[in-house]
Amino acid sequence: MSLDLIIFIVLSALTLASAIGVVITRNPITSVLLLILTFFCISGHYLLMNAQFLAIVNIIVYAGAIMVLFLFVIMLMNLNKDTEPQKSTMVQFAGVISGGCLLLVILMAFQSSGIELTQTSTTVSNIGLIKVLGKKLFTDFVFPFEISSVLFLSAMIGTVVLGKKDDDIATAIQDS
Amino acid sequence: MGGMLGIVAAAILGVVMMFVGLISQKSSVIRIAGVACFLILVGVTAFDFSAIHEQGTQLYFNNMLSVGIKASWFNVLISACAFIYILIFNNHITKVGKNDAEYFALMLFIMVGVFMLSTYNHLLILFIGIEILSIPQYILAGSDKENIKSNEASLKYFLMGAFSTGILLMGITLIYGSVGSFEIGNIATAFQGEVTALPMIGVILLIIAFGFKVSAAPMHWWTADVYDGTPTAITPFMATIVKVAAFIGFINLFHGAFGNIHYSWKLTIAILICVTLFIGNITAVFQQSVKRMLAYSSIAQAGFMLFAVFALNDTAEKSIIYYGVSYTLASIGVFAVLIKLKDYTYEGFNGLGKSHPLYAITATVCLLSLAGIPVTSGFFAKYFVLTAAMEQGLWLGIIVFAVLMAAISIYYYFRVIRAMYFTSSTEEITIESNPMEQILLVINAVLVVLLGLFPQFILG
Amino acid sequence: MGVLMRRNAIVILMCVELMLNAVNLLLVAFSTLYGDSDAQIFVFFIMVVAAAEVSIGLAIIVLMYRKVQSVDINILNRLKN
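Chains as they are written, first to last, in the working numbering: chain W, 1 to 176; chain G, 1 to 460; chain X, 1 to 81.
A couple of the hints might just be wrong.
Taking CB as the label site, the calculated pair distances span [stated by the list, open to error]: (1) G:Leu450 <-> X:Asp72: 46 to 52 angstroms; (2) G:Ser264 <-> X:Ser70: 42 to 48 angstroms; (3) X:Ala51 <-> G:Ser27: 32 to 38 angstroms; (4) X:Ala51 <-> G:Ala36: 32 to 38 angstroms; (5) W:Ile6 <-> G:Gly259: 42 to 48 angstroms; (6) W:Phe72 <-> G:Leu59: 42 to 48 angstroms; (7) W:Ile20 <-> G:Ser27: 51 to 57 angstroms.
Hint data in this document are derived by calculation from the structure and do not stem from the laboratory. Predicted, not measured: the structure shown is a model, and the values here were computed from it. Just so it is clear, CB atoms sit at the ideal spot from N, CA and C, and this is done for glycine as well.
Use the sequences and the hints to build the structure in full.
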């Protein structure tokens with residue numbers, strides 16, 4: 001067994017375990033922390049597959065920014081208790097069954113498609129380097145890059161529009 | 001450079017709109033600016049169309065966008081529809097919440113997404129286009145912040161949208177995994193003859209994801225609640241322009257990329273059509289609120305539009321544009337009358353024919369068009385879509401089923417008409433009407449009829 | 001699966017993030033398989049869009065929380081009519 005393979009197996013086990021943990025635990029804070037662990041494991045996978053740039057971005061964007069946002073909101077709402085009532089067992093059962101079916105179908109599809117799944121982590125390449133990706137991003141992919149600014153702008157407007165307290169109401173409450 | 005100016009213009013005008021909101025707080029100024037922005041947009045897309053008409057299909061940015069005659073003609077029509085919508089609804093939009101200019105800006109950003117969906121040639125653009133289309137909508141759905149139903153609609157729409165985005169991405173990934181490229185052309189050449197299971201699952205996941213966006217039947221449950229909860233001024237925009245754009249994206253992908261493996265997804269779409277038509281029409285019959293009835297009827301209309309996806313030929317691609325325009329205009333007409341009423345149940349319409357004959361007549365024309373009665377454009381829309389499916393042959397069963405369902409739909413549309421003319425109201429309906437709006441409504445209704453008389457205008 | 005099982009809107013959002021990460025991982029794997037960096041760019045865009053989506057989603061959830069003091073999605077069904 002090569003070192004790569006051992007690392008891969010350990011990482012995969014850890015990823016799967018923490019991902020399942022996210023779904024199962026009843027405390028939202030634990031969920032968030034497990035999700036961060038999952039993201040770190042996935043970054044490890046990216047490194048194994050020579051996608052260095054994405055590994056770093058994944059940690060910065062997901063584990064850094066998005067998860068902190070989640071934690072803030074949960075803390076803000078004071079939800080760190082196990083108060084969440086369970087859904088009925090029927091619904092849970094249906095969820096597990098449908099998830100399992102999807103997993104099986106996709107696995108079988110992979111098997112029949114004839115893609116060599118075992119070779120993925122061994123090929124050495126430099127496609128994941130910042131230099132290569134950056135060049136590509138600003139030449140071939142410049143249009144989606146520019147147009148996603150529209151997406152961000154609308155998201156920004158949205159958070160401000162939704163999050164802002166309406167002044168008139170505040171004054172109305174004060175007056176009354 | 002002509003051809004993609006629409007995208008650029010919509011993005012810039014959105015930013016301009018926000019600055020207008022900064023400069024002036026007056027809602028009248030903002031309204032005029034909003035109408036002007038959409039008018040400019042129509043002009044720019046028309047200019048685009050004339051450029052494309054001379055040059056033929058253009059590819060931009062390394063095959064990211066491909067603007068053909070059909071796509072740019074669609075852009076012109078959809079921005080004209082959006083312009084009519086803004087003209088009729090602009091003073092209602094400013095009443096929804098406090099951030100008037102932002103609502104217009106968000107709608108302009110949605111138009112960016114619409115143009116991207118009609119012209120994309122790369123799956124990344126499809127993904128970003130769908131996101132640009134939906135993210136502003138989550139906000140618009142929740143724009144009436146004081147109303148808990150609006151918040152609820154927004155949250156529901158968001159959770160549904162995020163989930164369907166995940167499914168869409170999974171589909172795209174599986175397609176990429178079996179082809180090794182994101183470009184529509186490459187995918188089409190790679191998929192010929194028999195395909196393996198992996199891309200097949202990808203195609204099915206994509207159908208599910210688009211089913212969410214266009215509210216086809218098994219994935220339709222969010223529609224009624226979201227359309228109902230969203231402020232009535234915003235709902236027509238969501239139910240018409242955005243939905244038609246999602247359909248254009250749907251058709252571009254399935255005719256462009258998966259056209260060669262039509263046999264593999266034909267049956268899935270056929271089942272989807274039957275379920276959508278059945279659930280949409282039957283549930284609409286039992287609704288008490290006209291707004292909810294219109295939501296379900298929009299599901300039923302989606303069932304008809306799915307025929308265009310189902311039928312893989314030139315007629316289908318033309319007929320979806322025609323259907324989209326006729327459906328959009330008719331829905332706008334009905335919603336414009338609905339928003340005037342305080343009571344959204346059928347009783348709310350009682351006696352409208354006597355007290356406000358003009359509103360009643362325009363609503364009647366639009367309802368007849370939705371039901372697909374001859375002379376109105378709705379009839380030809382359904383006719384063209386069904387003939388496109390007929391050319392496919394051997395699927396007569398579901399066409400008969402569709403006609404049957406169209407007959408059922410007449411029942412609930414006529415319930416509104418009956419309430420307006422044949423039931424007298426106990427209390428007087430008071431509608432504040434201004435002549436400008438009445439003229440617009442009449443123009444809208446006339447357009448609905450004219451398109452029915454001269455369908456060649458759009459098809460040609 | 002998590003989306004179906006949980007009732008807390010925030011946890012559902014987290015499960016959607018998990019789905020997106022599965023997609024990202026698969027895309028990176030395919031990209032190494034084909035030696036093509038297009039897929040990695042795609043992953044980059046997915047991350048970008050996910051960030052925007054989360055910010056909107058949390059804003060909506062906070063708005064909802066201010067109204068009903070809960071993030072349980074069953075409340076949505078109760079308010080239906």
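Problem set entry | List of violated hint numbers, smallest to largest | none
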